[in-house]
Amino acid sequence: MDVAQDQFAIRVHDLVVGFGRQTVLDHLSLDVRRGEILGLVGASGGGKSVLMRTIIGLIPRQGGTIEVMGQPTGGHGRGAATIWGILFQQGALFSSLTVRQNVQFPLRENLVLSQELMDEIAIAKLEMVGLRPQDADKYPAELSGGMTKRVALARALALDPPILFLDEPTSGLDPIAAGDFDVLIKTLQKTLGLTVFMVTHDLASLTTVCDRVAALADGKIVAIGPMRELLQSEHPWVRAYFHGKRSQMLQHEMR
Amino acid sequence: MNHEPLLLATPSGDALNLRPEGRWTAANVVTLETLSRSVGADVDRSRVVTLDMSGVSALDTLGAWVLEKLSRRAAASGKSAEFVGVADHFSGLLDEVRQVNRHAPLPVAAPNPVLARLGDLGKATAGAREDITIFLQMLGALFMALIGVLRRPRSLRLTSLIYQLYRIGWQAIPIIALITFLIGAIIAQQGFFHFRRFGAESYTVDMVGILVLRELGVLIVAIMVAGRSGSAYTAELGSMKMREEIDALSTMGLDPVDVLILPRVAALVIALPILTFIGSIAALYGGGLVAQFYGDMGPAIYIARLHEAISVTHFKVGILKAPFMALVIGIVACSEGLRVKGSAESLGRQTTTSVVKSIFLVIVLDGLFAIFFASIGM
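Here the protein sequences come in this chain order: D and B. Going letter by letter, the first sequence gives residues 8 to 262 in the working numbering. Going letter by letter, the second sequence gives residues 50 to 427 in the working numbering.
Think of the hints as simulated: they come from the structure by calculation, not from any bench. Misleading hints may appear alongside valid ones.
The following label-pair restraints were derived from C-beta to C-beta distances [to be verified]:
no.	chain 1	residue 1	chain 2	residue 2	range
1	B	390	D	72	42 to 52 Å
2	D	52	B	104	48 to 58 Å
3	B	409	D	215	21 to 31 Å
Chain D side only, calculated, beta carbon under 8 Å to chain B, not exhaustive [what the hints assert, rightly or not]:
no.	residue
4	124
5	131
6	132
7	167
8	181
9	182
10	186
11	197
Listed below are the simulated DMTMM-like cross-link pairs for lysine to aspartate or glutamate, each with C-alpha atoms no more than 20 Å apart in a straight line [claimed, not checked]:
no.	chain 1	residue 1	chain 2	residue 2
12	B	390	D	144
13	D	197	B	255
14	D	145	B	144
15	B	118	B	93
16	D	193	B	137
17	D	227	D	38
18	B	390	B	357
19	B	390	B	293
20	B	406	B	394
21	B	390	D	38
22	D	252	D	241
23	B	390	B	285
24	D	197	D	181
25	D	227	D	241
26	D	197	D	218
27	D	145	D	175
28	B	365	B	294
29	B	118	B	82
30	B	128	B	91
31	B	118	D	123
32	B	118	D	175
33	B	365	B	296
34	B	128	B	63
35	B	390	B	255
36	B	118	B	91
37	B	406	B	285
38	D	227	D	21
39	B	118	B	131
40	D	197	B	144
Where a beta carbon is used, it is the ideal one built from N, C-alpha and C, also for glycine.
All chains should be built: construct the whole structure from the sequences, respecting the hints.
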């Protein structure tokens, strides 16, 4: 493997995605380094989720290339769960399975292992995301919002994939739960050596956990870099985003 | 490259040195389980177990857990076990794995089978009582809503009513006409085939006429409507309940029974007799076609025989039952829809329950009507 391939977990080049006549992503390029937490911000309806869903192959692209772990996407198919884990905004837990079965699902589908080991791994994952073993036999309908996200995270990490996609991981959580979740992501990222691609609006998450932040506006990445650099950016949309009244208030508090 | 995982066990006296090598990751889980099982006996035999991690080239949660399990197995019997030579980038993961699975799962007490059966019976009884209560509550709520509408006719949701009539009445006509046509044809064919043996072919027309008008027309149509429209009602109301639309309605001071349920049930009560009429005619027509092409009985004779065999009473008996069946289907479908809880599975279960229950009740109701009409001599 050459150095460039080894350095980047995700490489998006010249990506074009649109629906009908409307172009959502317009010749967008973005590189995600291995082992970093990249936050993606953008206007609501501005294509953040579209970008994430295009990378993971849920939306067809009209042009451009996407490489994940040095391989062009589309060829992963069944083994996809070993390449990436995805935390959907609503958790997307399988409602007919218990928490334990949800976490075991990727294991069961991808590996051949004994039930005993599978149970132990599932409990281990649940404990790693901060749940108690007693919660393992609950059904998704019985879980609170924060617990749903944690279970979804445990399921996303079931096979220790190198890349983790998070779609607004802290939305709908109270500030304490959101803070805990941020810490959890940071800890897991360190222990498991994950690359994290996170779509978020949560300024606190951006400041505390993200190594770099990318701003998406007008279908392009208009600014990318550590939070400090983005705050200095001259792009009008980025300025409006980080220097609006709400953001100012938050940043003031944080200082 | 060294990909295949290995586990080298070097016993020296009381001590055992375990040296895992290669990729200890989930992809190699079959090998890992075999390896860890193969050294189990060695671990039990020795007093000091050392896990030399320096040869491991890749490690994930699963691999770390398999190794941690070996070390716990040693530690459990009072021996010492330790990891040495752990690379920096694996130490965090190993530390994390050392924390997990410390609490033994709570033992689940096996229930006494007799008590469990009794418990199930009790639950089923309570469930049946609840079903009846809910049915009566919904009937009462509908009645109150109807009185409200009669007092203030403007409060009737006319648009909604007409839309539901279009959906469950107009759009159902082709499939209902087709099915009843086929049923009528099949009954006539069976009649000709079997009655021919003792020369009673002409009575086939009596059978088709009476059976279709009194029983089969309304029954088949009601069952079709329960499957087609009842299930749709349950699924609709259920997903509205799931997405809190019904709560939104209530908080705006509107009664969901007025807004959602009354138009739906009223549409069923209006549409089912009409569909029954159409269905019965289609069945008689199907019987007539079979009479002509299979029973060698021309249309003129068929109609004349039909005229002799049936009276308005038969027609009345059938059509009178339709609105009651519609009411039962509507109440069951709507109340099951409101019982949907948060999950997709619950929506499916409630929809199934709705269809099964309304078809069952329609048939029971038909039986009760048969007794009733017999006793009043209709």
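request  = Find the hints from earlier in the document that the structure breaks and name them by number, from lowest to highest.
outcome  = 3, 8, 9, 10, 13, 14, 18, 21, 24, 27, 28, 32, 33, 35
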